[in-house]
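There are 2 protein chains.
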Amino acid sequence: MSTEQQPGGHMAAEIAQQPAIFDRLVARRAEIAEVAEVVRRRAPRFVLLGARGSSDHAALYAKYLTEVLLQLPAGLVSPSTTTLYGAEPDLTDVLVISVSQSGGSPDLLEVTESARRRGALTVAVTNTSGSPLNAAAELSIDVGAGLERAVAATKTYSATLLALYLLVDAVRGGRGEHAAALGELAQKTLDHSREAVAEAVQRYRFVNRVITTGRGYSSATAAEAALKLAETSYLAARSYSGADLLHGPVAAVDGETGVLAVTSAGRGGDALREVLDVVHGRGADVLAVGSAADEVAAALRVHVERTAEEVAPVLEILPIQRLAHGLSLARGGDPDAPRGLNKVTRTR
Amino acid sequence: MSTEQQPGGHMAAEIAQQPAIFDRLVARRAEIAEVAEVVRRRAPRFVLLGARGSSDHAALYAKYLTEVLLQLPAGLVSPSTTTLYGAEPDLTDVLVISVSQSGGSPDLLEVTESARRRGALTVAVTNTSGSPLNAAAELSIDVGAGLERAVAATKTYSATLLALYLLVDAVRGGRGEHAAALGELAQKTLDHSREAVAEAVQRYRFVNRVITTGRGYSSATAAEAALKLAETSYLAARSYSGADLLHGPVAAVDGETGVLAVTSAGRGGDALREVLDVVHGRGADVLAVGSAADEVAAALRVHVERTAEEVAPVLEILPIQRLAHGLSLARGGDPDAPRGLNKVTRTR
Numbered sequence: 001m002s003t004e005q006q007p008g009g010h011m012a013a014e015i016a017q018q019p020a021i022f023d024r025l026v027a028r029r030a031e032i033a034e035v036a037e038v039v040r041r042r043a044p045r046f047v048l049l050g051a052r053g054s055s056d057h058a059a060l061y062a063k064y065l066t067e068v069l070l071q072l073p074a075g076l077v078s079p080s081t082t083t084l085y086g087a088e089p090d091l092t093d094v095l096v097i098s099v100s101q102s103g104g105s106p107d108l109l110e111v112t113e114s115a116r117r118r119g120a121l122t123v124a125v126t127n128t129s130g131s132p133l134n135a136a137a138e139l140s141i142d143v144g145a146g147l148e149r150a151v152a153a154t155k156t157y158s159a160t161l162l163a164l165y166l167l168v169d170a171v172r173g174g175r176g177e178h179a180a181a182l183g184e185l186a187q188k189t190l191d192h193s194r195e196a197v198a199e200a201v202q203r204y205r206f207v208n209r210v211i212t213t214g215r216g217y218s219s220a221t222a223a224e225a226a227l228k229l230a231e232t233s234y235l236a237a238r239s240y241s242g243a244d245l246l247h248g249p250v251a252a253v254d255g256e257t258g259v260l261a262v263t264s265a266g267r268g269g270d271a272l273r274e275v276l277d278v279v280h281g282r283g284a285d286v287l288a289v290g291s292a293a294d295e296v297a298a299a300l301r302v303h304v305e306r307t308a309e310e311v312a313p314v315l316e317i318l319p320i321q322r323l324a325h326g327l328s329l330a331r332g333g334d335p336d337a338p339r340g341l342n343k344v345t346r347t348r
Numbered sequence: 349m350s351t352e353q354q355p356g357g358h359m360a361a362e363i364a365q366q367p368a369i370f371d372r373l374v375a376r377r378a379e380i381a382e383v384a385e386v387v388r389r390r391a392p393r394f395v396l397l398g399a400r401g402s403s404d405h406a407a408l409y410a411k412y413l414t415e416v417l418l419q420l421p422a423g424l425v426s427p428s429t430t431t432l433y434g435a436e437p438d439l440t441d442v443l444v445i446s447v448s449q450s451g452g453s454p455d456l457l458e459v460t461e462s463a464r465r466r467g468a469l470t471v472a473v474t475n476t477s478g479s480p481l482n483a484a485a486e487l488s489i490d491v492g493a494g495l496e497r498a499v500a501a502t503k504t505y506s507a508t509l510l511a512l513y514l515l516v517d518a519v520r521g522g523r524g525e526h527a528a529a530l531g532e533l534a535q536k537t538l539d540h541s542r543e544a545v546a547e548a549v550q551r552y553r554f555v556n557r558v559i560t561t562g563r564g565y566s567s568a569t570a571a572e573a574a575l576k577l578a579e580t581s582y583l584a585a586r587s588y589s590g591a592d593l594l595h596g597p598v599a600a601v602d603g604e605t606g607v608l609a610v611t612s613a614g615r616g617g618d619a620l621r622e623v624l625d626v627v628h629g630r631g632a633d634v635l636a637v638g639s640a641a642d643e644v645a646a647a648l649r650v651h652v653e654r655t656a657e658e659v660a661p662v663l664e665i666l667p668i669q670r671l672a673h674g675l676s677l678a679r680g681g682d683p684d685a686p687r688g689l690n691k692v693t694r695t696r
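As they're listed, the protein sequences go chains A and B. Last residue of the first sequence? That's 348 in my numbering, and every number before it is there in order. Last residue of the second sequence? That's 696 in my numbering, and every number before it is there in order.
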């Protein structure tokens, strides 16, 4: 029996493919720069990002990139204002980026078609060139992660982050410098984090309640971590930005709570430190993941290679995917096929 | 000892004040219409909403109102792109609405000051006229809920929803018709839901895991419900829009999960029905709250008076506040003073 036929075999294989996928995507930078050139010429004044599930966290990452690197205000689309209530706002000067690994979600398709009719420049970011979403959008980017068999998105998520970074960086005239080494750094991160992740799987085997948190760019990683743990290991995992956590939810944090804190070197990681002091003071068990994991009070630490802060989310998620995979197996599940989920979710 | 000195006495009193607060706010409609008139004249092309904690859910409600009723694209502000990364986008033609009961959150203040410098029309919506946020913004709306003593926001939340509705409705030239009866309907909802809420407190005394869900306008109520339960009763409560729930988190739903479903008459409630069929099929215990609670498969139902869908969130939250209050007491807590929380949270 091949590795991939064991429970979680697909997810394990797909996690391991990511360094090579990053290298291939960086090598295709010129394709993405062509899309970016059209965006530059149209000079949008506002950016809207549409997505569901894991892709929604990639969209959150792109929202930060857009606001900080492009200095453009951005928002996440609420598809139901279009699909349920038929809103048809004027979208002249608006860039709408629709993110979906399958490119098959009916609600995103409707949002994209509707946005294009209303004057938006539309870009589809998918892992399925030739999907209905690609056909609906004026421009498309293929994240090139290859077929993903496990239901829980891993390589399509990280490849989407990288594609969005390359797009935004190219729009501002960059050459993807911070992305060049990500393949190599991803391999190092996977190799060097193996033992710490195995230890975390042991420690959190019986955890029931997990809160994930991050600030700035890393809040996207925290959101994706919570989803990954919920969908593969059935944990009651919730994500809060570090700031929002202090506005209420921190009351539910106690000695029974596992807190996965994404702490990369940079302003987001720095700002998270005061949040973690509070959480730690409440007796929570902190698992710090990131290049600045050493700098916070934590029960366990998982190191991630250091990068420019704006590309850190591409690496931060890797050991978290391994953690979700390991916990799912340890708890008797099959991370390739979580109960109740299909690969493509059709919501309206 | 007066009622208000008992545990949860403040929160109970503040919940009960809401019908009268709604009446007073509707009576002050002309003040809000003056602010709306300035907004109309400036004709913004885009709306950004900034908030933290409960106010963030009021902002989510306003995002739906803006997109559907004003046909303007809208986004929620990520304060950290300003406060941590110093983003300074051009905000000409942008309306920035900052929502905060205290008007004292340093990050929102910075976002508002920065937005005004960059050309945005800024409106502060607070419960504290004379707050720093009011001073920073060009225009202000006082939600007029009066001093709130309980840490968990109740009357300031619902009054903020209503103020935002009156603002948006006036911008489109409306006269707040759907809001006129809300005071009376709020009283009826509180009176008629008392028994069902008491039953729900019994049933969920020992629940550990709660998911809240809603679609459309009601997704704001679901988000606020999860926060209220987490902060008063320390539950691992997580909110998902009905559509997002099917994209992964539904895997974590099982017979141990309590699902609080906000089901009001209208398109959002209709669209939630298929989500609840899935959740119910997985053995979850559904508590349906709303004017269409009868129309879904549920273990318990809490009725809310029927209104136009766009103002339903103002009423939906009332019995949920009572549920949070009751559960907190039943679990030995004090909903007026949850552990680890202060009334004003100072995040940067």
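Calculated from the structure, these hints are not laboratory results. All values reported here derive from a predicted model rather than from experimental measurement. Do not rely on the hints blindly, as some may be mistaken.
To be verified - Some chain B residues close to chain A (C-beta under 10 Å, calculated; not the full set):
1. Gln365
2. Ala368
3. Gly434
4. Thr440
5. Ala578
6. Pro597
7. Arg687
Glycine included, C-beta positions come from ideal geometry on N, C-alpha and C.
Status of the hints after comparison with the structure:
Interface hint status for Gln365 (chain B): violated, as the beta-carbon distance to the closest one in chain A is roughly 21 Å, over 10 Å. The beta carbon of Ala368 (chain B) is not positioned within 10 Å of any beta carbon in chain A (closest approach about 26 Å), and the interface hint is therefore violated. Against a cut-off of 10 Å between C-beta atoms, the interface hint on Gly434 (chain B) holds, since the closest Cβ of chain A lies about 8 Å away. Because the beta carbon of Thr440 (chain B) sits about 8 Å from the nearest beta carbon in chain A, less than 10 Å, this interface hint is met.
Taking 10 Å as the C-beta contact cut-off toward chain A, the hint placing Ala578 (chain B) at the interface holds, the least distance being around 4 Å. With its C-beta approaching chain A no nearer than about 5 Å, Pro597 (chain B) sits inside the 10 Å limit, and its interface hint holds. With 10 Å as the threshold, the beta carbon of Arg687 (chain B) comes within range of chain A, its nearest partner Cβ sitting at about 6 Å, so the hint holds.
This entry does not satisfy hints 1 and 2, going by the numbered hints stated previously.
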